[in-house]
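J.: Residue numbers (our numbering), protein chains in the order written: chain A, 18 to 513; chain B, 18 to 513.
If you're looking for bench data, these hints aren't it; they were derived computationally from the structure.
Mixed in with the good hints there might be a few duds.
Pairs count within a copy or across copies, as identical chains cannot be separated in the list.
Stated by the list, open to error - Straight-line distance between alpha carbons at most 30 Å, and here's what the computed DSS-like set of lysine-lysine pairs gives: (1) Lys186 - Lys359; (2) Lys122 - Lys74; (3) Lys75 - Lys122; (4) Lys74 - Lys477; (5) Lys359 - Lys308; (6) Lys75 - Lys308; (7) Lys34 - Lys186.
Keep in mind the model is a prediction, meaning the values are calculated, not measured.
Number of protein chains: 2
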Amino acid sequence: MALRAGDHSQVAMNGLKEKVLTLDTMNPCVRKVEYAVRGPIVLRALELEQELRQGVKKPFTEVIRANIGDAQAMGQKPITFLRQVLALCVHPDLLNSPDFPEDAKRRAERILQACGGHSLGAYSISSGIQLIREDVARYIERRDGGIPADPNNIYLSTGASDAIVTVLKLLVAGEGRTRTGVLIPIPQYPLYSAALAELNAVQVDYYLDEERAWALDVAELRRALAQARDHCCPRALCVINPGNPTGQVQARECIEAVIRFAFEERLFLMADEVYQDNVYAEGSQFHSFKKVLTEMGPPYAAQQELASFHSVSKGYMGECGFRGGYVEVVNMDPAVQSQMQKLMSVRLCPPVPGQLLLDVVVSPPAPSEPSFAQFQAERQAVLAELAAKAKLTEQVFNEAPGIRCNPVQGAMYSFPRVQLPPRAVQRAQELGLAPDMFFCLRLLEETGICVVPGSGFGQKEGTYHFRMTILPPLEKLRPLLEKLSQFHAKFTREYS
Amino acid sequence: MALRAGDHSQVAMNGLKEKVLTLDTMNPCVRKVEYAVRGPIVLRALELEQELRQGVKKPFTEVIRANIGDAQAMGQKPITFLRQVLALCVHPDLLNSPDFPEDAKRRAERILQACGGHSLGAYSISSGIQLIREDVARYIERRDGGIPADPNNIYLSTGASDAIVTVLKLLVAGEGRTRTGVLIPIPQYPLYSAALAELNAVQVDYYLDEERAWALDVAELRRALAQARDHCCPRALCVINPGNPTGQVQARECIEAVIRFAFEERLFLMADEVYQDNVYAEGSQFHSFKKVLTEMGPPYAAQQELASFHSVSKGYMGECGFRGGYVEVVNMDPAVQSQMQKLMSVRLCPPVPGQLLLDVVVSPPAPSEPSFAQFQAERQAVLAELAAKAKLTEQVFNEAPGIRCNPVQGAMYSFPRVQLPPRAVQRAQELGLAPDMFFCLRLLEETGICVVPGSGFGQKEGTYHFRMTILPPLEKLRPLLEKLSQFHAKFTREYS
Ligand SMILES: Cc1ncc(COP(=O)(O)O)c(C=O)c1O
Ligand SMILES: Cc1ncc(COP(=O)(O)O)c(C=O)c1O
Chain A
18 MALRAGDHSQ VAMNGLKEKV LTLDTMNPCV RKVEYAVRGP IVLRALELEQ
68 ELRQGVKKPF TEVIRANIGD AQAMGQKPIT FLRQVLALCV HPDLLNSPDF
118 PEDAKRRAER ILQACGGHSL GAYSISSGIQ LIREDVARYI ERRDGGIPAD
168 PNNIYLSTGA SDAIVTVLKL LVAGEGRTRT GVLIPIPQYP LYSAALAELN
218 AVQVDYYLDE ERAWALDVAE LRRALAQARD HCCPRALCVI NPGNPTGQVQ
268 ARECIEAVIR FAFEERLFLM ADEVYQDNVY AEGSQFHSFK KVLTEMGPPY
318 AAQQELASFH SVSKGYMGEC GFRGGYVEVV NMDPAVQSQM QKLMSVRLCP
368 PVPGQLLLDV VVSPPAPSEP SFAQFQAERQ AVLAELAAKA KLTEQVFNEA
418 PGIRCNPVQG AMYSFPRVQL PPRAVQRAQE LGLAPDMFFC LRLLEETGIC
468 VVPGSGFGQK EGTYHFRMTI LPPLEKLRPL LEKLSQFHAK FTREYS
Chain B
18 MALRAGDHSQ VAMNGLKEKV LTLDTMNPCV RKVEYAVRGP IVLRALELEQ
68 ELRQGVKKPF TEVIRANIGD AQAMGQKPIT FLRQVLALCV HPDLLNSPDF
118 PEDAKRRAER ILQACGGHSL GAYSISSGIQ LIREDVARYI ERRDGGIPAD
168 PNNIYLSTGA SDAIVTVLKL LVAGEGRTRT GVLIPIPQYP LYSAALAELN
218 AVQVDYYLDE ERAWALDVAE LRRALAQARD HCCPRALCVI NPGNPTGQVQ
268 ARECIEAVIR FAFEERLFLM ADEVYQDNVY AEGSQFHSFK KVLTEMGPPY
318 AAQQELASFH SVSKGYMGEC GFRGGYVEVV NMDPAVQSQM QKLMSVRLCP
368 PVPGQLLLDV VVSPPAPSEP SFAQFQAERQ AVLAELAAKA KLTEQVFNEA
418 PGIRCNPVQG AMYSFPRVQL PPRAVQRAQE LGLAPDMFFC LRLLEETGIC
468 VVPGSGFGQK EGTYHFRMTI LPPLEKLRPL LEKLSQFHAK FTREYS
């Protein structure tokens with residue numbers, strides 16, 4: 018009963034009904050989503066690991082996952098104090114243990130007091146535990162030289178990813194030529210393109226300037242915007258600073274220019290600042306959009322709409338698995354803000370352990386506290402090693418013919434440009450692969466090094482890149498960089 | 018420059034530009050979202066708590082949050098073994114502590130081995146840690162009397178909420194009369210209506226039968242479907258068993274009938290089984306859709322598409338704050354399954370601590386292990402108290418004139434029907450409130466008891482209900498139920 022005509026023949030033919038949910042009937046926007054950081058190359062890396070475990074002979078003994086900004090997966094140790102506070106909250110019996118410092122205990126007690134039923138196991142309010150939102154506000158104020166932050170404008174989230182998608186979701190409206198357009202940098206972190214595809218918004222690309230160390234150029238913003246206005250309604254501008262995958266850190270003047278542009282063109286600003294603690298290059302410094310905006314005074318300070326994102330996944334802590342983060346909104350229409358709060362409440366709350374880690378990150382031990390020295394030492398060690406690895410990466414790659422690498426000023430990635438010989442490009446096309454995907458797949462098969470092709474982030478037509486994290490331990494990184502450079506030389510010979 | 022005509026006058030008038038993002042320009046689907054469980058009544062409860070803290074005099078001394086299924090917020094203690102394993106994983110130094118049982122340590126080591134960099138701080142693969150997916154598969158096999166479960170069909174998630182929204186997202190397509198319709202029970206858990214509104218799918222209501230203890234009636238499904246086919250394309254059927262807010266546990270015959278119906282009508286089945294451990298009534302038993310489907314044999318077993326959801330937020334553990342859960346898909350098109358996997362990868366991974374708790378929940382201590390006795394005792398104590406509270410709730414409410422409460426066979430809620438006098442209904446309408454919202458707001462103001470009006474879940478026109486959790490501690494529950502019944506009597510007198 019109730020079968021449609023077409024189904025009957027199907028049933029008659031093989032006794033099987035067609036599935037309800039197929040590629041043809043499913044959400045077409047989901048089909049359009051791409052996410053290179055975890056794409057086919059990573060699936061292949063997983064397979065290779067399995068083959069290695071099963072004793073299959075390979076030209077390498079381990080797969081090196083330089084594809085994702087996941088510090089602890091690469092062996093970085095968690096910061097002791099963060100985990101002490103967390104363990105105390107998870108299992109409050111430990112509050113009686115002599116093995117935990119007093120400041121960790123005080124902090125755990127303070128957080129538990131703020132949890133429903135004094136337990137991490139209760140849902141928090143949807144925007145996050147109030148006490149933690151207050152601590153985040155004080156952190157932002159310190160970071161921004163005293164510029165006030167309102168806890169009610171801060172929403173904790175399930176990693177920064179969640180908050181970014183939520184804000185994009187608010188912005189999406191219209192159809193045809195009134196469809197929301199969102200400007201994103203190219204190369205970009207592919208969460209943006211994926212979310213825009215899923216939400217059926219228009220992705221408007223602006224290209225970062227590789228010749229100027231991937232700087233953002235307002236003339237290019239203007240070009241992209243003008244072109245986009247022909248076919249959609251651009252309403253938001255995303256900036257990633259420090260940049261993923263570019264490693265670029267924006268100068269203050271650049272940020273000012275972006276803010277003026279956004280204001281003049283009536284664009285909602287989204288500042289992805291998850292790498293705010295990851296700045297290594299001399300002369301580079303992190304400037305938050307909030308601070309610059311506020312210091313620019315009227316009309317920007319009181320009017321330009323901004324959402325700024327942060328995360329516990331990056332920085333010196335690298336606590337990716339806990340999925341903690343926040344967004345601060347500035348000058349957002351209060352009615353829209355209520356709508357955002359409502360939307361967040363549907364998912365109940367961000368994971369409470371991630372909220373807790375965020376709290377410790379934004380209010381680390383004070384100099385007077387017993388854990389201060391160890392905390393500082395651990396933090397500095399991580400950041401110093403990252404800085405050394407950023408420098409080493411740039412240096413080794415730039416010694417290799419056919420590879421050119423901008424300075425890694427910040428974040429956790431290099432995004433070198435590689436020359437690929439025409440015959441390799443042709444071979445890739447025969448295989449139906451992007452040329453840099455072909456290069457990266459071959460690299461993986463022959464060396465076990467897993468990096469992500471530039472085509473996954475976007476790049477100027479005819480240029481080829483890959484993204485490699487700077488996260489492998491220092492003693493492994495140099496041989497890795499050299500191996501990669503040698504492979505590139507061999508690959509080039511092979512296809513010349 | 019680049020201001021549109023309308024803006025100029027605005028700027029001229031008050032020096033302010035209109036905001037980019039306003040109620041008028043924002044995503045219209047988000048505006049339509051409603052989520053009663055955390056709606057205005059809960060915001061008011063928060064305010065009242067603040068007022069109490071500030072010393073404002075109220076006719077009560079505390080606000081009782083009986084609005085949300087959050088056991089630990091109501092004072093339930095976490096299960097010791099779960100927290101021990103978690104603390105060990107969070108802070109592996111504790112593996113040397115004599116204060117933790119050997120089985121907790123073994124388990125922590127096993128899980129850490131399966132984590133990237135042997136740390137909870139690494140991202141996991143997007144579908145969840147493979148080892149845990151395997152443990153979940155074994156749990157499902159035990160639960161379902163040996164019917165096989167494939168770890169590759171199991172996807173861990175950020176609470177069940179996340180998985181439910183993901184599956185709905187896959188199903189949404191079409192426009193106008195081809196727009197995806199999804200059948201949901203009324204009353205429902207409002208995540209469903211909220212997600213459908215956000216995704217711009219059509220909500221198709223089928224009414225549960227209050228006269229038969231909120232049973233699901235296939236004739237009613239048929240009616241709802243036939244009617245919906247006039248204006249949309251119904252493609253999925255959601256069932257919540259045990260029911261929220263109804264507390265109903267479905268009989269096996271009912272599940273069979275639903276499966277036959279879904280198969281005949283070509284509907285993708287979504288079985289929300291987060292309360293599978295919460296069955297209290299004598300004669301009631303949990304039957305998973307997967308098991309029934311498989312036991313029904315051909316053509317259902319090999320063809321009917323199903324997604325079943327579970328969570329660490331409910332059951333005996335009530336670990337809501339950790340946001341752990343999973344979905345098992347059955348007979349899903351493999352191509353669609355890859356699309357789902359891709360979609361999940363955009364958010365990187367579910368919180369790892371929640372994955373870990375799920376692992377312990379699906380593989381609790383064995384009788385031979387040192388923690389078995391305590392674990393069992395704690396688990397049984399929670400479930401026995403819940404059963405007692407379910408019974409007490411039904412009993413006290415049914416003694417009150419004008420309140421009628423179906424048996425709470427399972428889950429964590431009662432959903433009693435209340436008679437409201439016509440003058441109260443009229444007064445509510447004057448205030449622009451749903452009559453049961455008016456009742457619940459007054460209840461909150463006068464007694465501090467926070468419950469959710471039936472209108473937030475859906476109910477037959479002209480009937481009024483509220484949802485109250487059975488979670489307050491037993492010694493508080495009886496006075497609470499009596500206070501509520503007395504308030505209803507007083508309210509009825511006041512408006513008669
Ligand atoms: C630029 C950028 N934004 C956001 C994220 C999301 O991080 P998470 O969701 O773990 O906070 C990442 C992760 O790599 C990133 O690189
Ligand atoms: C029926 C039902 N499904 C799903 C959920 C979502 O729970 P969570 O996301 O915490 O797993 C709930 C929570 O109350 C529920 O009652």
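J.: Does each hint fit the structure? Answer for all of them.
T.: Against the structure, the hints:
1. Lys186 - Lys359: Both. Shortest intra-copy (13 Å) and inter-copy (19 Å) distances satisfy the 30 Å Cα cut-off.
2. Lys122 - Lys74: So Lys122 and Lys74 fail the 30 Å test inside a copy (50 Å) and across (35 Å) alike.
3. Lys75 - Lys122: neither (49 Å within a copy, 35 Å between copies)
4. Lys74 - Lys477: Result: close neither inside a copy nor across copies, 38 Å intra and 67 Å inter.
5. Lys359 - Lys308: So Lys359 and Lys308 pass the 30 Å test inside one copy only (28 Å; across, 37 Å).
6. Lys75 - Lys308: Neither. Shortest intra-copy (52 Å) and inter-copy (43 Å) distances fail the 30 Å Cα cut-off.
7. Lys34 - Lys186: Answer is between; shortest inter-copy Cα gap is 23 Å, intra-copy 36 Å.
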